[in-house]
Amino acid sequence: MLTIKNLHASVDGKEILKGIDLQVNAGEVHAIMGPNGSGKSSLASVLAGRDNYEVTEGEVWFQGKNLLELSPEDRAREGVFLAFQYPVEIPGVSNINFLKTALGEIRAYHNLPPLSSKEFLKLAKEKQQLVSFNAKLANRSLNEGFSGGEKKRNEIFQLAMLEPKLSILDETDSGLDIDALRIVSNGVNKLRTKENAFVLITHYQRLLDYIVPDIVHVLYDGRIVRSGDKDLALKLEEKGYDWLKEELSVQESPIQ
Amino acid sequence: MATNVATPLYQQLTAEFEAARNSGSEAISALRNNAFSFFREKGFPSIREEDWRFTNLVPFLDVPLEFTPAPVSEEELKKAVETNLIPELDGYRLVLVNGSINKNLSVLPEGDNLTVQPLKNISDSESFRELTRYKDGVGGNSLVALNTALFSDGYYIEVKKNAEIDKPVLLLHIYTCGQNTFVQPRHMLVANPSSKIELVERSVVLKQDSVFVANSVCEIVVKENARVSQYLIQYNQKNERWLNYTHVNQARSSRYDNYTVTLPGSDLVRNNLDVSLNGTTTESHLYGLYLVAGNQVTDNHTAVHHIHPNCQSNELYKGVIKDSGKAVFNGKVYVEKEAQQTNAYQQNNNLLLSDKAQVYAKPQLEIFADDVKCSHGCTIGQFNPESLFYLRSRGIGEEASRKLLIEAFAFDIIDKFGNEAVKNYVRELLYANL
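For the protein sequence lines, the chains are A and B, in the order given. Note that my numbering numbers the first sequence so that position 191 is 191, with each residue one more than the last. Note that my numbering numbers the second sequence so that position 231 is 231, with each residue one more than the last.
Honestly, the hints are just simulated from the structure, not real lab data. Every residue, glycine too, gets a C-beta built ideally from N, C-alpha and C. There may be inaccurate statements among the hints.
Claimed, not checked - If you want a taste of the chain A side facing chain B, the calculated C-beta under 10 Å gives, among others:
1) 69
2) 80
3) 87
4) 91
5) 92
Claimed, not checked - As a list, the in silico BS3-like pairs of lysine-lysine whose alpha-carbon atoms are at most 30 Å apart:
6) A/136 to B/120
7) B/196 to B/332
8) A/118 to B/416
9) A/100 to A/18
10) A/136 to B/403
11) B/373 to B/356
12) B/356 to B/403
13) A/100 to B/416
14) A/65 to B/403
15) A/245 to A/18
16) B/403 to A/165
17) B/423 to A/100
18) A/118 to B/423
19) B/207 to B/238
20) A/165 to A/190
21) B/373 to B/362
22) B/196 to B/161
23) B/196 to A/122
24) B/42 to B/161
25) A/151 to B/362
26) A/136 to A/125
27) A/151 to B/416
28) B/135 to B/207
29) B/326 to B/337
30) B/332 to A/122
31) A/136 to B/423
32) B/78 to B/161
33) A/151 to A/125
34) B/103 to B/79
35) B/403 to A/100
36) A/5 to A/230
37) B/196 to A/118
38) B/103 to A/125
Construct the complete structure from the given sequences, taking the supplied hints into account.
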């Protein structure tokens, strides 16, 4: 589904991603872990098309399309979804109108007619139940006045509504208490199918107790330095990233 | 003559004034003479004056101007009315053609709750002097002076004491312009004690490529306990230049609401809205929304005068400026020494959409009372790129995302509109012009 080859990207001339290779297939859940500043969120941003990132080298293919050539909206329409680490509050844009517009544009891209108001509201209600998101959305502005947890749950609700093929969750677990974490994780688990894929970006192993990944990657200094099964996350939790940093410096020193 | 405006225009104005001099009653003649000598001495406002620092009138007046409207057929007028109605607005309608009331095209309530007559019926009488705020015809303002000297007609609307006009009144001003034209409309509304009226006002100029300049003065008298709501929808065309003065006098316990919406089109719109709260427990709400595009200039000068205790004023103006547009906001709030327990709020927010867009914002509070709640705030900003990216990352196209964000910015003004039909209409106009 997603193939990343030797991806390099920089912000303001500073190289952040230094050659990422990653293959994500349909039905898989990948976790990307790594210490602060390793480039995890940058990778998410580059995939979603945030424009302050400049891709200097490499390729990203999504379902046979060159993702890097697409605008952020077309990436979303093709089926890429980024759950934001910090969802934006937009006063004056209603939650419902926003979602209806988004869904309408995605459907139009696939030559589908827009849903009627009735169909839309029915769908929204179903999906709200599915992800246990019971915040009142009618007559409220997008994320405005939402708590941190509500904002994150709204991201998962949007994900449920837009039904993307590839969902990238950028530290969705940060700032969540244990109950909210469970609710968000249950939502994601219910949305998993054989046809879609998830990339979870996280600092902590605890999210992976709830959403069990197929593959865990460790990102360090702009590169994926280790990949493994879910036990890798446990090992990281136990030993910390320093363990990995030390191992890496040992490996690299003969080359220097 | 202290001016930079082309001398021929002054000569023309003088000739025009001399020709009409002494044509009215003695009372109005004295007023007009006084006003014209003031104008003759002061000339048009220049950028050397504080209130005109950011809006230079010279380029807008630097064309030969005539004072006679072009002839127009009844058919054309009918069409103009039809195309300028507000859909969904269920109300009465007063149509003025070149400042004169056109009874055939108007639809007014039966009975005597609402009196509508040509202003000239009043202006020739002694009562005009009593009603007008400008006892000398000038009020220290050369454009008001020019209007007093030269106006020929306009509307005079009076709402009977205790009468509530059951439906809004659409005031449709139609001007016809063949050659470049300069007009001086003059209007007056008197809401008698405990009466209530809602006005929705818009203007249309029937013209080709010629230049149209209006120097309009409207006086509104809101008596005890009366309530007046006024919507001004300014949606005009290229080569139109509007100088509008709206002066509101409020008596005790009255309420006045003003909603001014300026959409792209006119070369220049300068609105002067001046509200005097001349009694206790008086309330005023001023809302403004301006969308400026092209090389247009939209300039809103407002002044609120708190003179008595226990009054409340609330002002919110928001603007979106794109292309090489220029906006000016100046909001004066005076709280005099006697005006204790005043609540006065003012807020002005601007969104700049291009590198060449300009805004000059100047909140100006002068407070002499010591037991008041007053606040003001002013912001000038650009799109939050993070908001834009958020919307786009959900599949909403860039254009549509921008529109959503501008709509969101304007939302809290439009949301204040009590009239649903006007609310929907303005929302659509806004959307069509983003």
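Against the earlier hints, flag every one the structure doesn't satisfy and list their numbers going up.
Numbers 1, 6, 9, 11, 23, 24, 25, 28, 29, 30, 32, 37 and 38, in rising order.
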